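Enquirer: Since chain C is already given, all that's left is putting chain Z on it; use the hints.
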Amino acid sequence: MTVMPPALALDPPTDTGRRTRTVEVAARVEERALAAIYGEHHDFVWRSLVRLGVGDARLEDGVHDVFIVVARRLHEFEGRATIRSWLFAITMRVAQSIRRDAARRVRNEARLAAEPVPAHVPHEDADASRTLRALLDCLDDDKRAVFVMAELEGMTAPEIAVVVGAKQATVYSRLRLAREQLAREVRRRTAHEQTKRGGR
Amino acid sequence: MSEHDVLADLIAAERRSPPVPAAGRTAAGWQRLRGSLAAGLPLTGIDLPPGVIESAAGNAVGVAKAAAVGKAASTSWTVWVGSTWVGKTIASAAVAGTITSAGALATEVLQRRDAPAAVVVEKAELIAAPEAAIVPAHWVEPAAIATRSAAIAVGAEPIVHQVQPEPFASRPARARPTPAPAAGGTVAVQTPSSLDRESALIASAQAALKRGDGKTAAAKLAAHARRFPRGIMAEDREALAVIVRCRGGDASAKAARNEFLRRWPRSVHAVRVRAACADPLK
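If you read the protein sequences in the order shown, they are chains C and Z.
Take 37 as the starting number for the first sequence in my numbering and just add one per residue.
Take 1106 as the starting number for the second sequence in my numbering and just add one per residue.
So here's chain C without its partners, still in its complex pose (with noise of 0.2 Å):
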């Protein structure tokens, strides 16, 4: 039986122990890399899913979810398009995955049963905020994600085109359609309210 010498065997002087430390120092460059990216971004994923249609349930899942994936894809990266839109490309598919994931074991949500919630002018943010999430359950995915980044997050035309793999006449399309869509779900709430005080 041979024995490997205890010097050979804590430090081989092959490629194979250089691409070992290698592979260390790369694995603590990208910690800290995920650490940046967490610490700078985390809030901008956390309300991107909240405006994409996440439950509150499943908000911190979804966070986690897009992390893992950027931990995963950090090499992807490379500089082309901010790191916002990259984050955003992610948390859509997460929020995707999440929501069909939830509407498959709850074909009838609470949510999606309840009344319409009134579009009133708003007193508060808070019931701002509420009211302008459910007015964007009536959009598709598309035209969902592409207000959300226009309107919301002040991204640039060019920025969503990237995201949503569409040219940026689609996305000035769907941002149009979105707002009209928007529109005629307030004139259908105020009208449901209106309808509902009359009958009292």
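Worth flagging that the hints you see were computed from the coordinates, not collected in a lab.
None of the values given here were measured: they were computed from a predicted structure.
Glycine is no exception: its CB is placed at the ideal position from the N, C-alpha and C atoms.
Take these hints with a grain of salt, some might be off.
[Stated by the list, open to error] To give an idea of the interface, some chain C residues facing chain Z are shown, with a C-beta separation under 10 Å as derived from the structure:
(1) LEU95
(2) ASP163
(3) VAL222
(4) ARG223
[What the hints assert, rightly or not] Taking CB as the label site, the calculated pair distances span:
(5) Z/ALA1113 - C/ARG136: 31 to 37 Å
(6) Z/LYS1359 - C/LYS203: 31 to 37 Å
(7) Z/PRO1370 - C/ALA139: 28 to 34 Å
(8) C/SER209 - Z/ASP1110: 22 to 28 Å
(9) Z/ARG1367 - C/LYS203: 19 to 25 Å
[To be verified] In silico SDA-like pairs for lysine to any residue, Cα to Cα no more than 20 Å straight-line:
(10) Z/LYS1359 - Z/ALA1323
(11) C/LYS232 - Z/GLU1108
(12) Z/LYS1315 - Z/GLY1354
(13) C/LYS203 - C/ASP177
(14) Z/LYS1359 - Z/ALA1375
(15) Z/LYS1359 - Z/GLY1319
(16) C/LYS203 - Z/ARG1368
(17) C/LYS203 - Z/TRP1369
(18) C/LYS203 - Z/PRO1370
(19) Z/LYS1359 - Z/ARG1331
(20) Z/LYS1320 - Z/ALA1361
Expert: Frame of chain C, contents of chain Z only:
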């Protein structure tokens, strides 16, 4: 008040007061993330061919740097362009320093002063958008801003910033209450998310592949495909499936490889797939 006015008010209110997580949830989330990663989810691509790791380390430093300037970068596409532009001249030096320091990881992350960036954005907002009728006021021609951003970036001096290993422990509480259920101070019960379940399947397939058990790897991947056909890790699954086929000498491996590279041309796994399937029919 028209429906358009109502909508505009709602948007303005949401911008003024965006939803924020409860105090302490960011730090708790980071601990959970580290736990998951330590428990087996790899931070880096697995089995990368030699040579790729080194460039990966460089990329990571770049990302760390990018994230450190994230405050400015997140403000605008243009600011990002400016930050990247400044970073290029110093990123290579940072990577070299990191790799050659015999394990003592350099913690310097380059950060740019963000005050000039704010000036850029303010100025940019004054530029009229080409489709002013339908685009938000902040949308402007990117080329115009990029020029301004780069011009200002020239004058911006990079400063050295220390990144703390636990960056969120002492984060101040947010003033605004949160809609999250954990706001009452209770610790949320964490059940395995679908991503955790996906990860477990992929990890077991990877492990099987590593020990040369292609049959088990294929079975795990097939299970993933059944349970999570459109899962978050579908791309990882398909990459592994191609590699399994290539290593097993499957006759359809070449077609599978080409299909994968067509579908995900910029995949993080592209290098591995190409390497594993250089000559799949041999």
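Enquirer: For each hint, tell me whether it holds in the structure or not.
Expert: Quick rundown of the hints versus the structure:
1. LEU95: holds (6 Å)
2. ASP163: Since chain Z brings a Cβ to about 8 Å from C/ASP163, closer than 10 Å, the hint holds.
3. VAL222: holds (4 Å)
4. ARG223: This interface hint holds because 5 Å falls under the 10 Å limit.
5. Z/ALA1113 - C/ARG136: 31 to 37 Å: holds (32 Å)
6. Z/LYS1359 - C/LYS203: 31 to 37 Å: Between Z/LYS1359 and C/LYS203, where Cβ atoms are some 33 Å apart, the hint holds.
7. Z/PRO1370 - C/ALA139: 28 to 34 Å: With Cβ atoms ~31 Å apart, the hint holds.
8. C/SER209 - Z/ASP1110: 22 to 28 Å: holds (23 Å)
9. Z/ARG1367 - C/LYS203: 19 to 25 Å: For C/LYS203 against Z/ARG1367, whose Cβ atoms are near 21 Å apart, the range 19 to 25 Å holds.
10. Z/LYS1359 - Z/ALA1323: holds (17 Å)
11. C/LYS232 - Z/GLU1108: holds (18 Å)
12. Z/LYS1315 - Z/GLY1354: holds (16 Å)
13. C/LYS203 - C/ASP177: holds (17 Å)
14. Z/LYS1359 - Z/ALA1375: Holds, because 14 Å separates the two Cα atoms, which is no more than 20 Å.
15. Z/LYS1359 - Z/GLY1319: holds (17 Å)
16. C/LYS203 - Z/ARG1368: Holds - the C-alpha atoms of Z/ARG1368 and C/LYS203 are around 19 Å apart, at most 20 Å.
17. C/LYS203 - Z/TRP1369: holds (19 Å)
18. C/LYS203 - Z/PRO1370: The given pair, whose Cα atoms are some 19 Å apart, holds under the 20 Å limit.
19. Z/LYS1359 - Z/ARG1331: violated (23 Å)
20. Z/LYS1320 - Z/ALA1361: Since the Cα atoms of Z/LYS1320 and Z/ALA1361 sit roughly 17 Å apart, the hinted pair holds (cutoff 20 Å).
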